[in-house]
Amino acid sequence: MADEVVLLDFWPSPFGMRLRIALAEKGIKHEYKEEDLKNKSPLLLKSNPVHKKIPVLIHNGKPVSESLIALQYIDETWNDNAPLLPSDPYLRSQAKFWAEFVDKKVADFGRKVCMTKGEEQEAAKNGLLDCIELLEGELGEKPYFGGETLGFVDVTLVPCYGWLSVYEKFGNFSIEAEHPVFIAWGKRCLQKKSVSKSLPDQQKLYDFVVQLRKRHEIE
Amino acid sequence: MSKAEVILLDCWISPFCMRVKIALEEKGVAYESQAEDLFGGKSELLLTSNPHGKVPVLLHNAKPVSESAIIVAYIDETWSSSPLLPPCAYGRAQARFWADYIDKKVFDAGKAIFMSKGEAVEVGKKDFIEIIKTLENALGDKDFFNGDTFGFVDIIGIAMTSWFPAYEKFGSFKLEDHCPKFSAWIKRSSQRESVAKVIPEAEKVIEFVTMFRKMMGAED
Chain A
1 MADEVVLLDF
11 WPSPFGMRLR
21 IALAEKGIKH
31 EYKEEDLKNK
41 SPLLLKSNPV
51 HKKIPVLIHN
61 GKPVSESLIA
71 LQYIDETWND
81 NAPLLPSDPY
91 LRSQAKFWAE
101 FVDKKVADFG
111 RKVCMTKGEE
121 QEAAKNGLLD
131 CIELLEGELG
141 EKPYFGGETL
151 GFVDVTLVPC
161 YGWLSVYEKF
171 GNFSIEAEHP
181 VFIAWGKRCL
191 QKKSVSKSLP
201 DQQKLYDFVV
211 QLRKRHEIE
Chain B
1 MSKAEVILLD
11 CWISPFCMRV
21 KIALEEKGVA
31 YESQAEDLFG
41 GKSELLLTSN
51 PHGKVPVLLH
61 NAKPVSESAI
71 IVAYIDETWS
81 SSPLLPPCAY
91 GRAQARFWAD
101 YIDKKVFDAG
111 KAIFMSKGEA
121 VEVGKKDFIE
131 IIKTLENALG
141 DKDFFNGDTF
151 GFVDIIGIAM
161 TSWFPAYEKF
171 GSFKLEDHCP
181 KFSAWIKRSS
191 QRESVAKVIP
201 EAEKVIEFVT
211 MFRKMMGAED
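Protein chains in written order, with my numbering: chain A, 1 to 219; chain B, 1 to 220.
Calculated from the structure, these hints are not laboratory results. Incorrect hints may appear among the rest.
To be verified - In silico DSS-like links for lysine-lysine, alpha-carbon gap of 30 Å or less:
| id | chain 1 | residue 1 | chain 2 | residue 2 |
| --- | --- | --- | --- | --- |
| 1 | B | K104 | A | K112 |
| 2 | A | K117 | B | K105 |
| 3 | A | K105 | B | K214 |
| 4 | B | K27 | A | K53 |
| 5 | B | K126 | A | K53 |
| 6 | B | K27 | A | K112 |
| 7 | A | K38 | B | K27 |
| 8 | B | K111 | A | K53 |
| 9 | A | K142 | A | K33 |
| 10 | A | K142 | A | K52 |
| 11 | A | K46 | B | K27 |
| 12 | A | K53 | B | K142 |
| 13 | B | K27 | B | K42 |
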């Protein structure tokens with residue numbers, strides 16, 4: 001029986017981007033369904049009744065929610081190529097630690113840089129820079145967090161790289177100036193087709209945030 | 001530093017540390033607990049082992065693993081007999097979902113009860129009961145979240161229940177009246193040797209939370 005894979009997603013979502021990249025890395029054929037978050041589909045509400053959020057991966061009718069959990073599911077189910085997590089338990093625990101760090105901190109600071117102003121925005125900018133510094137330390141001399149190939153942490157973090165110029169515009173600061181290692185890593189990831197085709201155009205993202213800020217009356 | 005193979009940087013009252021101890025006990029892994037003074041001054045070892053500077057940290061042959069759910073998964077993968085997670089990928093995804101739900105919701109909801117006063121306590125209580133009811137639905141008619149055997153979600157969850165006596169006291173309610181199935185699961189799980197050994201007595205927890213809430217600025 002052929003596998004049926006559906007991804008419920010929203011194009012600017014960094015969480016959705018993670019799954020797009022993983023599915024592309026593994027060459028998994030799937031149907032992409034764009035959700036209107038102001039008018040969520042019955043399928044989304046049925047598939048993630050607890051949080052009602054995207055992304056949701058639906059595999060042969062069975063839904064998996066929460067992007068890091070879905071990444072692990074993808075890795076364990078399609079385990080014949082492009083492994084995201086190492087097999088050694090210690091290295092797996094380290095990858096999960098840093099992915100969780102990105103998940104809890106980086107996305108939130110990024111959102112606040114775009115959607116707040118004044119002191120709150122300043123704090124978010126500093127928070128984001130601190131996170132990037134820590135992550136650069138973890139990357140070290142490796143081409144990717146996963147070593148020689150894209151791994152769990154790379155896939156989790158690179159959508160934030162995809163939003164970088166947008167953070168810089170709204171935050172009125174340069175991340176590139178302070179963190180060349182992070183930028184080099186991001187550019188390296190973007191050379192992979194699975195990444196470049198999964199990240200939206202930065203101008204489109206910028207315009208999206210302009211609209212969002214207008215709607216939330218932030219200026 | 002101790003030469004023990006497995007060391008836990010620990011704090012007796014932390015439900016997150018309790019998860020790790022229950023997992024180690026379930027697997028029959030010998031370990032040494034090193035108590036951290038979270039209020040007086042964290043040890044150099046803790047601060048260098050975990051970028052967040054938080055307990056629990058598991059040191060296995062001096063290599064640190066942080067974040068309680070990640071540590072429990074590490075324990076399960078390293079000492080792999082009697083697995084804590086189901087064998088199929090979908091079952092594991094569901095288990096991780098509910099562990100994540102417990103992590104996102106339970107502690108903060110409980111804290112809202114004991115840190116509030118007046119009307120806010122009632123709101124906190126209502127939110128907390130809703131969260132437990134959602135977990136009750138996930139449990140269904142199973143003995144444990146893991147099915148017939150005590151597993152990953154059970155460990156992640158049962159440790160959080162150590163603070164429930166304090167929530168019940170400050171919220172003036174009995175969870176059993178609202179969520180009987182969940183309460184039955186608590187009783188069932190608490191009979192396990194690993195759980196009985198690790199979870200402190202209710203009075204000691206209440207005493208700590210009473211002191212803790214004052215320290216955090218709760219008014220009376």
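Quiz prompt | Hints not upheld, ascending by number | solution = When the structure is compared with the hints, numbers 4, 6, 7, 9, 10 and 11 turn out to be violated.
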